[in-house]
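A.B. asks: One-letter residues, chain by chain:
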Amino acid sequence: MSTKLIDLNSDLRKLVDEGYEVEVKECFLILHSVPYVNSKSEITYGALVTDLTLNNDRTTRPGNHQVWFVGEHPCKKDGSIISAIRHTTATQTLCDGLVVHHRFSCKPPVGYYEDYFEKMTRYEEIISAQARAIDATVTARTFKPVLASEEDSVFCYRDSASSRVGIGGLAKKLAVERVALVGLGGSGSYVLDLVAKTHVREIHLFDGDDFLQHNAFRAPGAASISCLKRKLLKVEYFSEMYKEMRRGIVPHPYYIDDGNVDDLSDFDFVFLCVDKPVVRKLVSDFLNGCSIPFIDVGMELELVEEQLCIVGTGRVTMSTPEKSAHFADHVSLHGDDADDLYGSNIQVADMNSLIASMAVVKWKKYCGYYQDNYQEHQSAYVINTHQLTRDEMLGV
Amino acid sequence: MNGKNSGSCHDHNKTYSIIVNGRPREVTEHHLTYLQVVQLAYPSETPAERVVFTVTYSNQHGRDGSLVEGQKVTIKNGTIFNVNKTDRS
Chain A
1 MSTKLIDLNS DLRKLVDEGY EVEVKECFLI LHSVPYVNSK SEITYGALVT
51 DLTLNNDRTT RPGNHQVWFV GEHPCKKDGS IISAIRHTTA TQTLCDGLVV
101 HHRFSCKPPV GYYEDYFEKM TRYEEIISAQ ARAIDATVTA RTFKPVLASE
151 EDSVFCYRDS ASSRVGIGGL AKKLAVERVA LVGLGGSGSY VLDLVAKTHV
201 REIHLFDGDD FLQHNAFRAP GAASISCLKR KLLKVEYFSE MYKEMRRGIV
251 PHPYYIDDGN VDDLSDFDFV FLCVDKPVVR KLVSDFLNGC SIPFIDVGME
301 LELVEEQLCI VGTGRVTMST PEKSAHFADH VSLHGDDADD LYGSNIQVAD
351 MNSLIASMAV VKWKKYCGYY QDNYQEHQSA YVINTHQLTR DEMLGV
Chain B
1 MNGKNSGSCH DHNKTYSIIV NGRPREVTEH HLTYLQVVQL AYPSETPAER
51 VVFTVTYSNQ HGRDGSLVEG QKVTIKNGTI FNVNKTDRS
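Protein chains in written order, with our numbering: chain A, 1 to 396; chain B, 1 to 89.
Where hints are given, some of them may not hold.
Listing some non-contacts, in silico: residues in chain B with all C-beta distances to chain A over 12 angstroms [said to hold, decoys possible]:
{"no.": "1", "residue": "Asn13"}
{"no.": "2", "residue": "Lys14"}
{"no.": "3", "residue": "Thr15"}
{"no.": "4", "residue": "Tyr16"}
{"no.": "5", "residue": "Ser17"}
{"no.": "6", "residue": "Glu26"}
{"no.": "7", "residue": "Thr28"}
{"no.": "8", "residue": "His30"}
{"no.": "9", "residue": "His31"}
{"no.": "10", "residue": "Thr33"}
{"no.": "11", "residue": "Gln36"}
{"no.": "12", "residue": "Lys72"}
{"no.": "13", "residue": "Thr74"}
{"no.": "14", "residue": "Asn77"}
Simulated coverage check for chain A against chain B, where a stretch passes if three residues somewhere in it have a Cβ under 8 angstroms from a Cβ of chain B [unchecked claim]:
{"no.": "15", "region": "177-191"}
{"no.": "16", "region": "266-275"}
{"no.": "17", "region": "306-317"}
{"no.": "18", "region": "327-335"}
{"no.": "19", "region": "384-390"}
List time: in silico DMTMM-like cross-link candidates among lysine to aspartate or glutamate, alpha-carbon distance up to 20 angstroms [claimed, not checked]:
{"no.": "20", "chain 1": "A", "residue 1": "Lys4", "chain 2": "A", "residue 2": "Asp51"}
{"no.": "21", "chain 1": "A", "residue 1": "Lys14", "chain 2": "A", "residue 2": "Glu125"}
{"no.": "22", "chain 1": "A", "residue 1": "Lys276", "chain 2": "A", "residue 2": "Asp262"}
{"no.": "23", "chain 1": "A", "residue 1": "Lys243", "chain 2": "A", "residue 2": "Glu202"}
{"no.": "24", "chain 1": "B", "residue 1": "Lys72", "chain 2": "A", "residue 2": "Asp329"}
{"no.": "25", "chain 1": "A", "residue 1": "Lys276", "chain 2": "A", "residue 2": "Asp258"}
{"no.": "26", "chain 1": "A", "residue 1": "Lys173", "chain 2": "A", "residue 2": "Asp372"}
{"no.": "27", "chain 1": "A", "residue 1": "Lys323", "chain 2": "B", "residue 2": "Glu69"}
{"no.": "28", "chain 1": "A", "residue 1": "Lys281", "chain 2": "B", "residue 2": "Glu69"}
{"no.": "29", "chain 1": "A", "residue 1": "Lys14", "chain 2": "A", "residue 2": "Glu114"}
{"no.": "30", "chain 1": "A", "residue 1": "Lys197", "chain 2": "A", "residue 2": "Asp7"}
{"no.": "31", "chain 1": "B", "residue 1": "Lys72", "chain 2": "A", "residue 2": "Asp391"}
Just so you know, these hints were derived from the structure itself, not from any lab.
The beta carbon of each residue, even a glycine, is placed where N, CA and C say it ideally should be.
Start from the sequences, fold in the hints, and give me the full structure.
C.D. replies: The structure is reproduced here in structure tokens:
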């Protein structure tokens, strides 16, 4: 239950956002790693504990002004006990695995603490101030990740990036159930990197290719030699990497073809990051038929030999149930091999990541995360003119 | 492509200096269509009809934009075109 309560209550969230190590266990709130001084005038660390007065999972004004403490009795910097807060000393098990040693009492002038933030930080201040008198750098605000529990988050640790800046509710707009990434080349792998950091419940990866040395130069992160030696499939490599951070990554180690395109029938959104026009046609026809919105990304970079520099264009084309007829005007849908005509397969990670970012920004606009005045369904970035086009708009 | 094409261009023999895929080109046409720009980018080839290019234009003294088949744009000196297949991922 731990992070759900924190999400629901601004006083608990404020403790997390300010960097305190917070844990909620049953109905007790624990502040870990609180520095204090022991009787030998040494700095050590304990935990402050309070019961939580809750009403329908919402904290109310704390029902009492006392707290428990895990550790030795905190002292002043000279090793004498802080007698002003002393109440009782008794080892006591509050709930499974939570054993406390002391109870403190510090009643504020008004007779109560307004909320749990005020209550816990007041005790922390009294105890830790003595430790800081010895070493000014010690702090209970460690910003250590708070472990998230299985049932309420896709992440292995808290999304403090969203909650710290108060956009946790906004981030939930991206908590759609299932997103598919077809193709994990340079562009698809960066799409994964960005989508993995949203609250999407499941991210399904479709690719039958191996993760080889050249792939490492156009993929997020830094692959080790030992990792390359394992000759993993791309879907294995990337699901291993992102499972460190989140749940819900589902690898599908095969290419999409006529026989399995049905596997895409139950997604909320699809990113199509493939090279072959025939696969684009197969998948886009299928998704249009199912009214599943998707984004296709593609680029071409070309070497200007006489100047020894590169020109090129990155493209992001969205197709939605509201607007799809434009797709064939902007995307090649015929031909088995992208190499057939003027084949140039230069790829550079910054361009891969740029069009992946454009695609993910577009998806977030479609989800209502970003404002989307023009609702453009087609955009191209052109390198040598520093140009960003805006076409196929629904919003004007 | 350039020089002798009479096409729809105007009376005098004004030429425009433009850039296509990073390389300087001279044209006499006052307007260029999507297909003409593709031909300028790949003069030695006849592009397969079914290949779709991402064609963009840009001009310091005009507006930027893109062309799909059936569209054309007015040419000025210095207009920069880029023509790419954009099917790599």
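A.B. asks: Each of the hints needs a verdict: does it hold here or not?
C.D. replies: Each hint tested on the structure:
For B:Asn13, the condition that its CB be more than 12 angstroms from all CB atoms of chain A holds, with the nearest at approximately 27 angstroms. Listed as a non-interface residue, B:Lys14 keeps its Cβ farther than 12 angstroms from every Cβ of chain A; the least gap is roughly 23 angstroms. Every CB of chain A is more than 12 angstroms from the CB of B:Thr15 (nearest about 21 angstroms), matching its label as outside the interface. Its beta-carbon lying about 17 angstroms from the closest one in chain A, B:Tyr16 satisfies the requirement of being farther than 12 angstroms from that chain.
The non-interface label for B:Ser17 is consistent with chain A: the shortest C-beta to C-beta separation is roughly 16 angstroms, beyond 12 angstroms. With a cut of 12 angstroms on Cβ distances, B:Glu26 stays outside the contact zone with chain A, its closest approach being about 17 angstroms. With 12 angstroms as the threshold on Cβ separation, the claim that B:Thr28 sits away from chain A holds: the shortest Cβ distance comes to roughly 23 angstroms. Against chain A, the non-interface label of B:His30 holds: every CB pair exceeds 12 angstroms, the least being about 21 angstroms.
Taking the minimum C-beta to C-beta distance to chain A, about 19 angstroms, the non-interface status of B:His31 holds against the 12 angstroms cut. Interface exclusion of B:Thr33 from chain A stands, the closest Cβ pair being 14 angstroms apart, more than 12 angstroms. Taking the minimum C-beta to C-beta distance to chain A, about 17 angstroms, the non-interface status of B:Gln36 holds against the 12 angstroms cut. Against the 12 angstroms criterion, B:Lys72 stays outside the reach of chain A, whose nearest CB is about 15 angstroms from its own CB.
Non-interface status of B:Thr74 relative to chain A is upheld: no Cβ of that chain comes within 12 angstroms, the nearest being about 17 angstroms off. At roughly 15 angstroms from the closest C-beta of chain A, the C-beta of B:Asn77 stays outside 12 angstroms, upholding its exclusion from the interface. Coverage of the region 177-191 of chain A by chain B holds [criterion: at least 3 residues with CB-CB distance below 8 angstroms; count 5]. Proximity of the region 266-275 of chain A to chain B, defined as three or more residues with a beta carbon under 8 angstroms from a beta carbon of that chain, is established by the 3 residues found.
Counting residues of the region 306-317 of chain A whose C-beta sits closer than 8 angstroms to any C-beta of chain B gives 8, which meets the bar of three, so the coverage hint holds. For the region 327-335 of chain A, the assignment as covered by chain B holds, since 8 residues bring a beta-carbon within under 8 angstroms of that chain's beta-carbons and 3 suffice. Look at the region 384-390 of chain A against chain B: 4 of its residues bring a Cβ nearer than 8 angstroms to a Cβ of that chain, three or more, so the hint holds. Under the criterion of a C-alpha separation no larger than 20 angstroms, the hint pairing A:Lys4 with A:Asp51 is consistent with the structure, at around 17 angstroms.
In summary, the hint linking A:Lys14 to A:Glu125 is supported, as the alpha carbons are separated by about 16 angstroms, within the 20 angstroms threshold. For the proposed pair A:Lys276 and A:Asp262, the alpha carbon gap of about 19 angstroms is at most 20 angstroms, so the pair holds. Pair hint A:Lys243 plus A:Glu202 holds up; C-alpha atoms about 12 angstroms apart against a cutoff of 20 angstroms. With a C-alpha separation of about 15 angstroms, the suggested pairing of B:Lys72 with A:Asp329 holds against the 20 angstroms cut-off.
A C-alpha spacing of about 14 angstroms is found between A:Lys276 and A:Asp258, which places the hinted pair at or below 20 angstroms, so the restraint holds. Between A:Lys173 and A:Asp372 the alpha-carbon distance is near 14 angstroms, which keeps this suggested pair within the 20 angstroms criterion. Restraint check for A:Lys323 and B:Glu69: the C-alpha separation of about 19 angstroms stays at or below 20 angstroms, so the hint holds. Taking the CA atoms of A:Lys281 and B:Glu69, the gap is near 19 angstroms; set against the 20 angstroms cutoff, the hint holds.
The hinted pair formed by A:Lys14 and A:Glu114 meets the criterion: a straight-line CA distance of about 14 angstroms does not exceed 20 angstroms. In summary, the hint linking A:Lys197 to A:Asp7 is supported, as the alpha carbons are separated by about 18 angstroms, within the 20 angstroms threshold. Annotation: proposed proximity of B:Lys72 to A:Asp391 holds, straight-line Cα distance about 15 angstroms (limit 20 angstroms).
Of the numbered hints given earlier, the model fails none.
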